[in-house]
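Take the given structure of chain A and dock chain B to it, following the hints.
The primary structure of each chain is shown beneath.
There are 2 protein chains.
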Amino acid sequence: MFAYFVRRSPIIQRDALFKTPQCKIAPAVHPSRWRCSATGSTNGPSDDHIQALVQLTVDRFYLPPGHSFQHGTGCNYGPLGTELKKNMLDQWWHSLTRSKEVQVFGINTINTIKERAIDGDGQLKVVNMETLNQEFDLQDLNKDQLIQRLRTLLRNTVSLRTGLLQGALEQYIPSLELVKKKLPFGLAETGSCFQSSDQPGCPAEVTQTSLVWFCSSGTASKWLDHWARQRLQWWRKFAVAPSDFSCSDITDDELGGRASRGIKIVYSFPWGEEPLETLWSRGDTELLQTHGDIRAKLQCRDGRKLVVPHVVSVTGNMDRGVMAYLDNSLQQLKKADGKQKLHQRKVMKLHPVLAPVKVALDMGKGATVELRQISDVLRLEFLEAGISVWPGYLETMATSMEQLNTRYDEMGVLFSMLIGENTLESGLLQVRSRDTTIKETMHISEVKNFLTRYISAADI
Amino acid sequence: MFAYFVRRSPIIQRDALFKTPQCKIAPAVHPSRWRCSATGSTNGPSDDHIQALVQLTVDRFYLPPGHSFQHGTGCNYGPLGTELKKNMLDQWWHSLTRSKEVQVFGINTINTIKERAIDGDGQLKVVNMETLNQEFDLQDLNKDQLIQRLRTLLRNTVSLRTGLLQGALEQYIPSLELVKKKLPFGLAETGSCFQSSDQPGCPAEVTQTSLVWFCSSGTASKWLDHWARQRLQWWRKFAVAPSDFSCSDITDDELGGRASRGIKIVYSFPWGEEPLETLWSRGDTELLQTHGDIRAKLQCRDGRKLVVPHVVSVTGNMDRGVMAYLDNSLQQLKKADGKQKLHQRKVMKLHPVLAPVKVALDMGKGATVELRQISDVLRLEFLEAGISVWPGYLETMATSMEQLNTRYDEMGVLFSMLIGENTLESGLLQVRSRDTTIKETMHISEVKNFLTRYISAADI
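In the order they appear, the protein sequences are chains A and B. To convert, note that position 240 of the first sequence is 240 in our numbering; the numbers rise steadily by one, no gaps. To convert, note that position 422 of the second sequence is 1422 in our numbering; the numbers rise steadily by one, no gaps.
Here chain A stands alone, though its shape is the one from the complex:
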């Protein structure tokens, strides 16, 4: 993900979501040596925060260390980052396709596009090395003939998509039957998108979310506001500090004539604001263009009138979104112990719905075989309820409870549960909360329902 912070494309980029942020993080071999050059001050509070964030996300399996950051080839995720991103994408998907207010249908289109319809596409070609080698080996061509042949070959070659808009516009006509030609409706999709970067030979890659909303021209501006409000609410719902997520109009300069209005949802990173999502009121030009300007094919019912719909696009960058939530959720708390020594506690306070691991199970001292059996049963119960469990009790290395709690807090685990001798005797176990650090005693028969209720209560 850090790849996006170090890239700066030499060409003018179509989509603000791919744009270089205001700050460069220079990656080094070891994450603790990363530094942020944007804050101006050396080792200010945001430097500390960024360093802690980078270190923690690597240590706690959100992002793997290594070459993908250094070379800026894009973003791999470790197991916890993968689950976090998956949870975010699931929430996004359900918030749209299971909406009670609007009709949005999910689609799934391929990564390559054949013809260049929308401005900006067609930059990154997918070429077969074998075919190229055959061209290079042709003996009786001069240089100009070779270039001519290569240009023709490349013209007929697919390119990687830069966004999901084109795919959705193509699916507009097949979708008309689904909605009985009634406006408004939307098509939702998530997927990888690509754009050239300033790293030679390495395109930027990002997981986009896209809602393409079809409505009458008169309502387009109202819908733009509706979706901006809805999307901002969505981002804030899962935030620890919701005010870090905000909304602003896109200036006429940024619009560049491509849309009549635009709104962006931005997140205040320690190094400055960056857009997470952009909304454009795009008119009907691109829809017409995609379908050969045949208005009759595109008409849809707006009440009693037949109209060619206008398009509102809502495009998000989920990789930057993951980063935003990680940044927003990391809290560093200083506290003094009995000996007046300062300790720093780092907690990844991810929203209960997004947290990759909901509960960790550990064993106290006692009859190992029996405690292990109980842990297995409890783990199974959680898994069957769809609750992700960290089976700490399977680890054979001795670790103190304090070390375990530090680790779980940094991983963002909501609750950790300790199964001990007491559990064998009375069925009671100790439940520690990440957010309050308070330890409660609960009966083993209650913990699953407790956790289910806790997560659902947060999901309102």
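Wrong hints could be hidden among the right ones.
In silico DSBU-like cross-links for lysine-lysine, where the CA-CA straight-line distance does not exceed 30 Å [unchecked claim]:
no.	chain 1	residue 1	chain 2	residue 2
1	A	Lys-182	B	Lys-1181
2	A	Lys-335	A	Lys-365
3	B	Lys-1349	B	Lys-1180
4	A	Lys-143	B	Lys-1143
5	B	Lys-1448	A	Lys-346
6	A	Lys-125	B	Lys-1086
Please keep in mind that the hints were generated in silico from the structure rather than gathered at the bench.
Leaving out everything else, chain B in the frame of chain A:
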């Protein structure tokens, strides 16, 4: 998806999952004109089945009609196909990452690879048109110099991945800390993969599932069998006719020295068998190769011994999987009506867990405003329980119940519910089952629990 049936690559392909099946379906402009040339007979029962399948999947929003089939550029999905594929991927993901028996972690890696490590990768290069044009425009180069420059450029250019194995092998070292260097464990991933095809300029694209399993050399063969059994069980769990899914050993010829043993899980399509998933016992060669042959870095604990693990790979083609379930689930039932006229009923009997739409809500005759209110409340209740609803009551066009049932059966909707005058008076509504066609009367307060129980009961 049909794209995969019409492609035949001129080069030897690494992965059986991309291979051309035994049959070619020649696509035409209208799906009803598609034909299968493999069955030998003309218009035999499997021809009928294929024609019905193609027609139905297009009519019922599983697959959109149009150019992607005709040009073989890959596979787009309509809204129902998207949900079906998503449900399958979710089930696959949970069956592995929430397993109670084994430790499998999810990862998420990027679509491009920098260096060619595994045989077969590196064929499809992602080149920036702007960079190429700059090369073409260089004046003082002769042809050989130009070719030389282009070759260098391409060597330093990323290529699209052909599979997910390489990404997982790279994530092996960062994962060691996660498992405290204890074998066995696995890394799971789903994502797009690419391979050259015989369509000039159009690579084949497929959504793969990948489990890369690290274990001691002595247990690799046992684990290969374990995973083959587990995967076959998984495919059969959701099937109407489980015996169409089967398992067979990969011959030595097919192995081609790349693995010591292999197993494939195949589905019997009407036009012949095709592999859905392949399992290979790959040894440690590729793992060592990926990490510069440094054995010390790779060592992991197998009991008390430190060993370099062997790799078992389990690679699935989820696009072909979608097709297999659609084929397997489509039942054509002939029945005579009162006048002895033969009717054919088509039912897409997708497994309750996979069915894209679980319930359809329609309104009978009566006080429209009140019935609509009740329908809205019920729809909301389903949505909040995560049950996908088809809001038939929102449609303004008059359709007979018989037409609606035909449509819902073809869409694979598990139950359709009719809210009528009766519901206003007594809270009772009519519930029709897709599988039995039996209509029951149920109280509105019961239907959500009934459906939840029905789906969970099928998910065992």
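Against the structure, the hints:
no.	hint	in the structure
1	A:Lys-182 <-> B:Lys-1181	58 Å, violated
2	A:Lys-335 <-> A:Lys-365	29 Å, holds
3	B:Lys-1349 <-> B:Lys-1180	45 Å, violated
4	A:Lys-143 <-> B:Lys-1143	5 Å, holds
5	B:Lys-1448 <-> A:Lys-346	42 Å, violated
6	A:Lys-125 <-> B:Lys-1086	28 Å, holds
Figure legend: structure checked against the earlier numbered hints; hints not met, in rising order: 1, 3 and 5.
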